[in-house]
Each structure stands twice: as C-alpha cells, then as structure tokens.
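**Q** The primary structure of each chain is shown beneath.
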Amino acid sequence: MRTKLIPFVLLCGFAAGAFATPQIQHWQAASGARVYFVQDHNLPMLDVAVSFPAGSAYDKADKNGVAGLTHGLLDLGVQGMNEDDIARKLADVGARIASSFDADRSAVTLRTLSSAAERDVALDILARVLQKPLFPQEVLVREKTRLIASLREAETKPEFLSEKAFGKAVFGSHPYGWQSEVADIEKIQRDDLQAFFRSHYGAQDAVVALMGDVTRQQAEAIAQQLTAQLPRSGSVTSLPAVVGLQTGYEQRIPHPASQSHILIGAPGIARNDPDYFPLYVGNYILGGGGFVSRLMNEVREKRGMAYSVYSYFMPMQQPGAFQIGLQTKNEQVDEALQVVRATVRDFVAKGVTDAELRAAKQNIIGGFPLRIDSNRKILEYLSVIGFYNLPLTYLDDFQARVEQVNVRSVNDAFRRRINPDAMATVIVGGQGAAK
Amino acid sequence: MRFYAFCLGLLIAIGAQAEVFEQTLSNGLKVIVKEDRRAPVVVQQIWYRAGSMDEMTGVTGVAHVLEHMMFKGTKEVPVGEFSRRIAAAGGRENAFTSYDYTAYFQQLHKSQLELAMQLEADRMHNLRLSDEEFAKEIRVVMEERRWRTDDDARALLDERLMATAYQEHPYRNPIVGWMNDLKNMTADDARLWYQTWYAPNNATLVIAGDVDAKQVFALARKYYGRIRAGKLPARKHYEEPAQLGIKRIVVKAPAELPHLVMAYHAPTLRDAEKDWQPYALSVLAGVLDGNDSARLNKSLVRERQVATSIGAGYANTSRGPTMFSLEATPAAGTSVEALEAAIREQLQMIVRDGVSEEELRRVRAQVTAAEVYKLDSLFYQAMQIGQIESIGLSQHDLPVILRKLQAVTAEQVQAVARDILRDDQLTVAVLDPQPLAAEKPQQGGHAHAH
Chain A
260 MRTKLIPFVL
270 LCGFAAGAFA
280 TPQIQHWQAA
290 SGARVYFVQD
300 HNLPMLDVAV
310 SFPAGSAYDK
320 ADKNGVAGLT
330 HGLLDLGVQG
340 MNEDDIARKL
350 ADVGARIASS
360 FDADRSAVTL
370 RTLSSAAERD
380 VALDILARVL
390 QKPLFPQEVL
400 VREKTRLIAS
410 LREAETKPEF
420 LSEKAFGKAV
430 FGSHPYGWQS
440 EVADIEKIQR
450 DDLQAFFRSH
460 YGAQDAVVAL
470 MGDVTRQQAE
480 AIAQQLTAQL
490 PRSGSVTSLP
500 AVVGLQTGYE
510 QRIPHPASQS
520 HILIGAPGIA
530 RNDPDYFPLY
540 VGNYILGGGG
550 FVSRLMNEVR
560 EKRGMAYSVY
570 SYFMPMQQPG
580 AFQIGLQTKN
590 EQVDEALQVV
600 RATVRDFVAK
610 GVTDAELRAA
620 KQNIIGGFPL
630 RIDSNRKILE
640 YLSVIGFYNL
650 PLTYLDDFQA
660 RVEQVNVRSV
670 NDAFRRRINP
680 DAMATVIVGG
690 QGAAK
Chain B
3 MRFYAFCLGL
13 LIAIGAQAEV
23 FEQTLSNGLK
33 VIVKEDRRAP
43 VVVQQIWYRA
53 GSMDEMTGVT
63 GVAHVLEHMM
73 FKGTKEVPVG
83 EFSRRIAAAG
93 GRENAFTSYD
103 YTAYFQQLHK
113 SQLELAMQLE
123 ADRMHNLRLS
133 DEEFAKEIRV
143 VMEERRWRTD
153 DDARALLDER
163 LMATAYQEHP
173 YRNPIVGWMN
183 DLKNMTADDA
193 RLWYQTWYAP
203 NNATLVIAGD
213 VDAKQVFALA
223 RKYYGRIRAG
233 KLPARKHYEE
243 PAQLGIKRIV
253 VKAPAELPHL
263 VMAYHAPTLR
273 DAEKDWQPYA
283 LSVLAGVLDG
293 NDSARLNKSL
303 VRERQVATSI
313 GAGYANTSRG
323 PTMFSLEATP
333 AAGTSVEALE
343 AAIREQLQMI
353 VRDGVSEEEL
363 RRVRAQVTAA
373 EVYKLDSLFY
383 QAMQIGQIES
393 IGLSQHDLPV
403 ILRKLQAVTA
413 EQVQAVARDI
423 LRDDQLTVAV
433 LDPQPLAAEK
443 PQQGGHAHAH
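Quick mapping for you: the protein sequence lines, in order, are chains A and B.
Residue numbering for the first sequence follows my numbering, beginning at 260 and increasing consecutively.
Residue numbering for the second sequence follows my numbering, beginning at 3 and increasing consecutively.
One or more of the hints may lead you astray.
[To be verified] For lysine to any residue, the following SDA-like pairs were computed, each having C-alpha atoms within a straight-line distance of at most 25 Å: (1) B:Lys-300 with A:Arg-401; (2) A:Lys-348 with B:Arg-363; (3) B:Lys-276 with B:Leu-362.
[Stated by the list, open to error] To give an idea of the chain A side of the interface with chain B (calculated C-beta under 7 Å), a few residues: (4) Asn-301; (5) Glu-440; (6) Ser-517; (7) Met-573; (8) Ala-618; (9) Gly-626.
Hints listed in this document are in silico derivations from the structure and should not be mistaken for laboratory results.
Built from N, CA and C at the ideal position, the CB exists for glycine as well.
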C-alpha cells in the first residue's frame, strides 16, 4: 500500500441536496434506552450496535483494566450458554458479534441475516450477552493471563510505547492517559467485573443503533428485547475535566528499532466544541488530507523522510488528543522533528490560504457520500449521534457547517487552540537519553 | 435511493453476479462494470498483471516502487496534481502491490467518474519518471520497508519463512523488496518496469457503483481506447522443485513472546469446475479456525491453554503456488516444541477421524452469510472481480467457486488433510524473542556470561 490508513475523525454529515439522506427514526424504549433506527430493505441483513458509557476512562485509578475486561468477557459465558455455545450458535446462523472499545465507549455490534430463522437466534444471543453475562471465574483467569501476555509483548513495540508515553504526557493523571499495567490486571477479581457491569451497563445510558431490513415495529421490539433486563443503575458519573498543557515537553525512549516513532500533540477538543468545524477543516490542510496535506508535502513529498505523517483531532466526551505522528529512520529524527515543528508553527502563525481552504471544503463536502455508502458506516454514525447526544438534524446540517468555515475562522481557531510552544513530544527509538 | 429489491429467495441471483457487464477494447483492455445503485458513488480500480513475482534478481521491490512513482506526474499532469484533482473532486485514492498484481483505485461521487478515468488512462502511458522524484521516493519506500518489516518481528518471521519455503519461485522475495536491492535501484529500473508491463493488454479495469454500463464502456473507449497495446514479454513459468524434507528456521528479533508458523505447500485453484482440493482446504481452514469455538481456539487456547492465540490460513486463488499455514503464540510455560506437537495432534485427529457434518454445516452457513454481507461493500466486490481476473481465472468463476465450496464433503476434507499436511511439504519458522536492551539478561534458558 502506498500509505497506511490515516485515522479520520468520525463526525460528519449528509450533503444536503446532493442526495437523499437516510431518515433517522429515534425514540426511547420502555427500558429507558435511546434508540436510533434507519429502515432499509435493500439488503437482506440487519446491523445492530449497543453502546454504553463504559470505556476505559470510567475505570478507577486503583482498578485500571476492569472496564476493558468487563467488555471483553460479555460474550464469553451468559445465562444458559457457555462461550462455545455462543460462538457455535452464532456461526450456525452466519451471524457475527463484534465489539469496539475506547476511552469513552463500550459497544457490542451484531451483523445477521434478516430472515427470521437466523435473525431470531442471533438477537437472542445478543440479548443475553448484553443483559445476562456471567463473567465465569475460569474464563476470567484465562483472559487475564492472555491479556498480561499481550501487554508484555506490546511493551516491546515502539508503536505501543510511544502511544503510552504520549497519553501520559498529554493527559497527565486524567484517565484518557491511563494504560493498564501488568500489576493492575493481576489484581482484578470477578467481583470487580460484576460491580462495574451493574453500575455502567444500565438501560438509562444505553444507546441502541439499528440499521437494515426490519420494520419500525420490529425495531421497537428488538430495542426493548436487548435492553429491558439491563441492570437498574443510576446514570454514570461524568468524566473529570482535561487540563491543557502549559509548557512544551520532550521525552526520548531508547529502542533498538531502525526507525523512531514520533508523536507530538496536546489536549484538543470535545465532541460538542464550538470550534469543531474550523479545526476539522483546518486540520485537513495541515495533516488530515492524506497526500495533499502540508505535513505530507513537507516531510514525504519534498524530502522523502517518512512513509506516513499525519495529524488529527480526536473529539471525545472530554477533549481528546490533537496528535501528529510519523516514523523515520533514527539518523534523521532531529531533522524531521525540525521540519514538522516548523510546519506547525508556520501553519498557526500565518494561517491557511484561500486556495487551500477551497480545496479542503471541496473534498470534505464532495466526498460526503462516501462516508455513508454502506450499512456498516451508517450504523456507526447512528451510534455516535446517540452516544454523544448530537442533534438528529446534525447530519443534515453538516454541509452548511463546513461551508460556513472561512479563512478567518480557521486561523483564529488554530491560534486560540494550538500553541506550538506547549506541546508534548515523545520519541521512541535510537539510544537517546531523556532530556 | 434505496429500494425494496431483494429477498432471501433471490440470493442466488445476487451470487450469480447478474448485474456484471464485460467488454474487451480493441487494444486488449478488459473492462468489467458492476452496476450497484445503493448509493450515488463509484469505485474505479485498474489492475495490472505485474507483481513482485515478475521481478528479476537484483531488482526486487521494483513493482512496488513503480506503484509509488505512478503518483509522480505525467507530461500533462504535473507531480502532485493527480492526488490534488482527485481530492478536490471529493475522492479517495490509493494503490497496492502484491506478489501477483499491482492495482490503483479511486472512490468518488458518481458524477466524478470521468475525471478519474481520464487521469488513470493518462498515467497508463504518459508517466514522467524523473531522476529527482525517484531519488526522493526510493527513500520513502525504504522507510516503508523499515516500518512494515524490519522493525516488526512477526513480519520478519513471515518474510524469512517465504524465503525458506520457496526455493525457485519468486514468491521467495518480499513484495517490498530486499533492502539492498532498494539501495541499489535506479530510475532506469523503474522506467524499464513501466515500459514492460504498463499496457492496456496487461490490465483489467473494474468499475462498480451507481453507473450505467453502456456509458462506462463509452468512457473507457474514449480515454483508454486510444492507448496502444504493448508487446508483452513471454511469462516465465515457474515450477517449484519438490521439497525433500521438513525445513526449520529461527528468526531472532526484539519481542517478548516466541511465535510459531507452520506452512505446508498446497495447491491453488486452476480449474474452478474440476479442482477439488483447494475447496476442501478452504473448508478445512474453516473447521480449524472459522469461529471462536472452532477446533484450534477451543482446544488449544480455551481448554488446554497452551497458546494465547492461534490461527489457520489458506488463500485458494493466486498466480503462483500457495501454502496452508498455521500460526500460534505459546502461553507462558509452554515451549514452542510442545505447541507444535499440540497443533500436529489436532491435524492428525482430522487425518485419522475426519470432520463432522455439524462442522461442515457451520462453515457453509458462514459462507452463505458472507455472500450477503459482501454486498454491503462496493469496494470489496470490485476487489474480488479484479483479483480473480488478475490471477488467471475469470469473474464468471466466482459463482462456481461458491457452489463448489458449498459442496465439499467430509471425506474430501479428510483426504486433503492426509494428502497435503505432510512433513516433507512443511516449513516451520520460530521467532526467538530478543530483549530490547543489551544490558537486560537473556531470557529462556540461554547461557549467560557473567
């Protein structure tokens, strides 16, 4: 491949007028769960995602790793079925349960054929996975062992080491910067998982997204089936505020690899930040626009110094990271750092040009249909809209919000929000000592 | 716009690729169009039948280097312009190189297809390969190799496994190329590659999406039709000499855990209607590793806990030969040797006792469902067509392959396990993990000097 996939920010809308946008139906189930549904009979299949505010940031400082293990064990033993029954019965109907987990969100997704014979079996299993997990003791012991082994392995990889150090440098003691250690995992007991499940998987906080070949009536019944027996818990407490960086910081971690992995950044923006659109469009120009970004042009196209170089904002419940990343051979780390820093400084100080802004808006608006051209992609947007409480019209408004961005709003937002002198830099590679 | 179009009873029609159209232009370019009106988008992919297996000694990696150079400008479209124009049209684009082929793609709103076709046709015959751009890009490719292989212990293990398992076949060389060859490569190597292989009669154009096939054919004639056919060199035929006994290698690299790969030489699909072994091997892989409670994970990760992860792999379509492979990471306290023995035991159980009807049904159900799920990805559907055409089969074989997969019997799975999973066909590669810092003590019972 010519480039690795550059993470792009999952927050976009529908180009109003360009084509019909999927019609989102929204209601609250009797259980209290919020439901987002797009009815679509084009393909004989159904996608479901159920999300909870139960990501790693909801761990307690002295019980780091509980959230992840709770999520990981949901489908490894439920009332009436052990882990092998679950895997076999899903396979027998060609259904797949997958899951996603980040600092904010714990989600379980199901893809199944929509014909009743297959769908009913698959939904019955999903209902038990969400509502009746048993967290069997022997499975927990085994999964802890596997997790510890993979953590120890990860500790030898420059990607992991750089992400871990970067999280600490950017977020300090905030849970967004936490990374489980082996000692944390060893302490975790079955009670911890059960308690976390009871307190963080309540119906009041659940978001159900449904996409595909069922009727509204069926969707209503499914949403209730999946959430009616969730634990009765109060709403989850909110996350602490993220504190911005006041000064620059640089850390060098030695590693035998031939390339150094460099991460530069600072706390960025939350999902509901009023600067979101100017920063998103502006970042396309800086390092989000793949082969046409300034960072790519300076580092790769002009100097051949890296295969991949990017920047992005990761909007979260609380401000997530603004992150720049690249890998380059150890001998040219300092030169590459200089180029990246000069590019960011210049970008913030002098701002973007009319031509750059026009090209960015053309790409984001013109490329919008590609972001919602499959059931899987639409399902993810339904989950994000629900989870972050974005307005239902948010997607329809998207084009106009991007269109409203101008040179002044981009330059103003970057000057206020990105201080090149107060960013954390982590370099894993070479024999460098801490500075 | 979305319509009530299919019900489950019509799945066979979907599987039969009813809405695929095909035409070959007078210059030899094969054009395949798949109409799919679910969303107002289109994907263009052009597949050149030239991959790393067509490279000669000393210039490994040149197929992939040329892929990079294809973005470096033509007589009419200056360097950087290709990407800028696609981006301004709201498009996404990239390319990939494999052992068997090199492919380029763009995904856009349907109204922008003509622009993509114009640009792609232009670089099929007008590429400017300047020394200056080559000098920069070869450094990018070396960075890519460091990132992809040199600093990734398991990728290194795979690379050295291929170099050991294949003695004559060019699959022994990595797609990205050996570092020494990259260091010594010149712009002329890339030019020669481009002149030799980039021609309409060595390519397949696949366009899928909300398009009208007739209009696409007209556009293809307009932009690609005027490119002259090339004189392609005769293809070398490789016959890997028979392996005469088990091969074993050790790769030392920075890591915490050992890793084991076992790869058996195996047949690939040549005649979709007559062959049976490749289908039986695909089903065998499903029985071993098709779901979390399939044999390998259930017995070795969950029950006996001798591995922390395990997998089986087999790809039944390729220009060259292929392998049936297993890979696993031992659990703490289990040696690589014990893990290998445990895997062999699982394979022997199938050779001895066969597989159950229940296991076969389960694999079939997954294959059937996957045929429906694939319709949710336009890109993947186009990929499937381009790939099968590029390895010497036809997109008309796709429904045959599906039907034959569903017809595999328990006896065939047992027979293929007995015929193929033999020690004389096996290469075993073991990752011997090395500590990160030299001052850290050696692990795993190695002698340590005091």
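**Q** Look at each hint and say if it fits the structure.
**A** Here is how each hint holds up against the structure:
| no. | hint | verdict |
| --- | --- | --- |
| 1 | B:Lys-300 with A:Arg-401 | 13 Å, holds |
| 2 | A:Lys-348 with B:Arg-363 | 12 Å, holds |
| 3 | B:Lys-276 with B:Leu-362 | 21 Å, holds |
| 4 | Asn-301 | 5 Å, holds |
| 5 | Glu-440 | 14 Å, violated |
| 6 | Ser-517 | 5 Å, holds |
| 7 | Met-573 | 20 Å, violated |
| 8 | Ala-618 | 5 Å, holds |
| 9 | Gly-626 | 4 Å, holds |
The earlier numbered hints that this structure contradicts are 5, 7.
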